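Protein chains in written order, with our numbering: chain P, 2 to 370; chain C, 2 to 370.
I should point out that these hints are in silico values taken from the structure, not numbers from a laboratory.
It should be emphasised that the depicted structure is a prediction, and the values quoted were computed from it without experimental measurement.
There may be inaccurate statements among the hints.
Claimed, not checked - Label-pair ranges, simulated between beta-carbon atoms:
1. C:E210 to P:T187: 47 to 53 Å
2. P:G68 to C:G98: 31 to 37 Å
3. P:K184 to C:T187: 53 to 59 Å
4. P:L192 to C:K139: 58 to 64 Å
C-beta atoms are modelled at their ideal positions from N, C-alpha and C, and glycine is treated no differently.
There are 2 protein chains.
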Amino acid sequence: MNKVGIVGCGITPFTRDDQRIESILLKSAKILFENNSEINKDLIDAVLVSTNNNSKYLSPILSEITGIKPKIAHSIESLCNSGTNSIVSAYSYIASGLADMVLVSGAERYDSPGQVLQWDNSRGEFKHPIFWASIFAKSYKQKYSISDEQLALVSVKNHKHAKENPNALSKKTYSVQEVMDSKKLTDDLKLLDCSRPCTGGASIILASEEMTKKITSMPTWITGIGQRTTSASFTKNSSLNSMESTKLSGQMALKMANKTINDIDVAEIHDAFSVCEPMALESLGFSNNGEGMKMIKETNSTDDFKINPRGGLIGCGHPLGATGIAQTIEISQQLQLDAGKRQVDDPRVGLVHNMSAAATSSTVLILEK
Amino acid sequence: MNKVGIVGCGITPFTRDDQRIESILLKSAKILFENNSEINKDLIDAVLVSTNNNSKYLSPILSEITGIKPKIAHSIESLCNSGTNSIVSAYSYIASGLADMVLVSGAERYDSPGQVLQWDNSRGEFKHPIFWASIFAKSYKQKYSISDEQLALVSVKNHKHAKENPNALSKKTYSVQEVMDSKKLTDDLKLLDCSRPCTGGASIILASEEMTKKITSMPTWITGIGQRTTSASFTKNSSLNSMESTKLSGQMALKMANKTINDIDVAEIHDAFSVCEPMALESLGFSNNGEGMKMIKETNSTDDFKINPRGGLIGCGHPLGATGIAQTIEISQQLQLDAGKRQVDDPRVGLVHNMSAAATSSTVLILEK
Numbered sequence: 002m003n004k005v006g007i008v009g010c011g012i013t014p015f016t017r018d019d020q021r022i023e024s025i026l027l028k029s030a031k032i033l034f035e036n037n038s039e040i041n042k043d044l045i046d047a048v049l050v051s052t053n054n055n056s057k058y059l060s061p062i063l064s065e066i067t068g069i070k071p072k073i074a075h076s077i078e079s080l081c082n083s084g085t086n087s088i089v090s091a092y093s094y095i096a097s098g099l100a101d102m103v104l105v106s107g108a109e110r111y112d113s114p115g116q117v118l119q120w121d122n123s124r125g126e127f128k129h130p131i132f133w134a135s136i137f138a139k140s141y142k143q144k145y146s147i148s149d150e151q152l153a154l155v156s157v158k159n160h161k162h163a164k165e166n167p168n169a170l171s172k173k174t175y176s177v178q179e180v181m182d183s184k185k186l187t188d189d190l191k192l193l194d195c196s197r198p199c200t201g202g203a204s205i206i207l208a209s210e211e212m213t214k215k216i217t218s219m220p221t222w223i224t225g226i227g228q229r230t231t232s233a234s235f236t237k238n239s240s241l242n243s244m245e246s247t248k249l250s251g252q253m254a255l256k257m258a259n260k261t262i263n264d265i266d267v268a269e270i271h272d273a274f275s276v277c278e279p280m281a282l283e284s285l286g287f288s289n290n291g292e293g294m295k296m297i298k299e300t301n302s303t304d305d306f307k308i309n310p311r312g313g314l315i316g317c318g319h320p321l322g323a324t325g326i327a328q329t330i331e332i333s334q335q336l337q338l339d340a341g342k343r344q345v346d347d348p349r350v351g352l353v354h355n356m357s358a359a360a361t362s363s364t365v366l367i368l369e370k
Numbered sequence: 002m003n004k005v006g007i008v009g010c011g012i013t014p015f016t017r018d019d020q021r022i023e024s025i026l027l028k029s030a031k032i033l034f035e036n037n038s039e040i041n042k043d044l045i046d047a048v049l050v051s052t053n054n055n056s057k058y059l060s061p062i063l064s065e066i067t068g069i070k071p072k073i074a075h076s077i078e079s080l081c082n083s084g085t086n087s088i089v090s091a092y093s094y095i096a097s098g099l100a101d102m103v104l105v106s107g108a109e110r111y112d113s114p115g116q117v118l119q120w121d122n123s124r125g126e127f128k129h130p131i132f133w134a135s136i137f138a139k140s141y142k143q144k145y146s147i148s149d150e151q152l153a154l155v156s157v158k159n160h161k162h163a164k165e166n167p168n169a170l171s172k173k174t175y176s177v178q179e180v181m182d183s184k185k186l187t188d189d190l191k192l193l194d195c196s197r198p199c200t201g202g203a204s205i206i207l208a209s210e211e212m213t214k215k216i217t218s219m220p221t222w223i224t225g226i227g228q229r230t231t232s233a234s235f236t237k238n239s240s241l242n243s244m245e246s247t248k249l250s251g252q253m254a255l256k257m258a259n260k261t262i263n264d265i266d267v268a269e270i271h272d273a274f275s276v277c278e279p280m281a282l283e284s285l286g287f288s289n290n291g292e293g294m295k296m297i298k299e300t301n302s303t304d305d306f307k308i309n310p311r312g313g314l315i316g317c318g319h320p321l322g323a324t325g326i327a328q329t330i331e332i333s334q335q336l337q338l339d340a341g342k343r344q345v346d347d348p349r350v351g352l353v354h355n356m357s358a359a360a361t362s363s364t365v366l367i368l369e370k
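Construct the entire structure; sequences and hints are all you get.
Below is the structure:
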């Protein structure tokens, strides 16, 4: 298979601002082109927009306002993992030979319609993701005797990481007690256990091996891709304590990259809610079942492996269509040793985990320099 | 590049019915699987949904209700050429090696939000596509001295073809005089000059060369792909008498297939409005500029070359996200000699032309058996 590299990226601050979706798209693309003046827009063959916004024809709109006349132009939606779905689609356009260079731009508004799970009748009245997250939390805590105080570490850690990320929504750090004392939303989740929907954009450019080597002497390569959708409905999940789609995606991505989980030096994990982080780590094989929190605690004080160095969804905020792209940008910047105060010690291999709707769908990417 | 074949298809009747988008998707997929019992759903690696509907997560929903657990699952939107964009994306997943078999399912409701061109401020108050079509019609008629009576032939012919298509919205035929006497919508367009938005679905399965040969002894191959987006806004079009994106897409697709326009035996042309058919024929190189209507008149009475044998958008109706897929299915069935009373004499090479928003974006596909 043809190699595909990452040759540029741009990201907006994540906020609660009321901005037009077109403005958010333009903003991150503009930052990308300012950061990467060596990229010739005339050589961009495809523009893919990742969003849950209801506006139509956003790729031609973004193309027109940025001065690109692409061959391929369309939007992609898959709720919270729209971003990595778009990156994988860009990868396939390049690896198939239909494109040499692809701009992928993700954007969302704080009031995204993707936050409401309209279709899933199995949830009865419960259309907000917090209901599946509560059931996951209750089940996981019971099965592995994990306390709310232990789970709170995910939020403490990710807010601490986010403080070093200038684009993160959260600017504060919190103690375990402060997480415990935050507003109780359900029996098993407090406000600070949850990622917040927000306004934000993230753009990335992927290119063929030849094009990548022309543009940069220090590329990041996408070497592993794993994806799986097991269902749309929460109640079709085979387990309430693990993430089947994440497990299958992780195995597939590692196999493609010819790596094992022990080779991973830095990881972005889809912590839509605090319980998701240990569950995903276990499903990916980073730790044994029930030992995800132990691993989070152990790695929290080191600099040679970090989970969610940019602050995760809990610290950064969660602009649905942009999240998977922002995660991929973080891992790329980590591999480039370009992550500022968030930098992990000399990482060689990174992992991105991005999922939708109670892990009914997952994407895992392996990146290498 | 790896070869990609068409191994199955299913299409619903096009109606004005009030159906849920999930039901429309399921219906065409169900027809596909009933028509092609040899297709093993467990081997479907990707499910792509083509629609302008605002519902989210439709690919996982379709996957769940049809019993597919795909790797890749997402929706694709690019207004009226969402369908062919989805087919090209499926092609790229297969040609890149990420997938062996892909289900592409397009669906739309009669009240699709894709009918309103919200973004294009250059149109002032005119958000309905009929306004760009009227300007195209006025300009084209003036430049080439074409009368309303001459243009009416497009509608007469496509309604006549649609009568032989059991899935078409229109069940009637009309005379030139009846088209002329139909309700005047603008100075330059009457009701029967327009395609009607409708409710409908179309599903197609693409597969790798190896998989295709296992499933069918009479495959259709996608041998040429051309795409171009020149802008999002109508007023950025370089000409009001030709379609730049169609011209570039046509050249690109023919080059990839190593064919000339004279090799084409049957064509589906995106006749959103009557004037689009001669304009597209000219931009594709089927005829000289200004001679599209002459060609339509000449080929109307023969059976060895047909333009829009299924009835085009004017005769079939236009369920936005399904249209490009329905066009591709028609050409595939024509090449398979499986088009019933619409059959063209032994075609070897076919062309699909699908576009969006005043031809600001076009896709051209070349199919061969």
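Against the structure, the hints:
1. C:E210 to P:T187: 47 to 53 Å: holds, 52 Å
2. P:G68 to C:G98: 31 to 37 Å: holds, 33 Å
3. P:K184 to C:T187: 53 to 59 Å: Holds - the Cβ-Cβ distance for K184 (chain P) and T187 (chain C), about 56 Å, lies within 53 to 59 Å.
4. P:L192 to C:K139: 58 to 64 Å: holds, 59 Å
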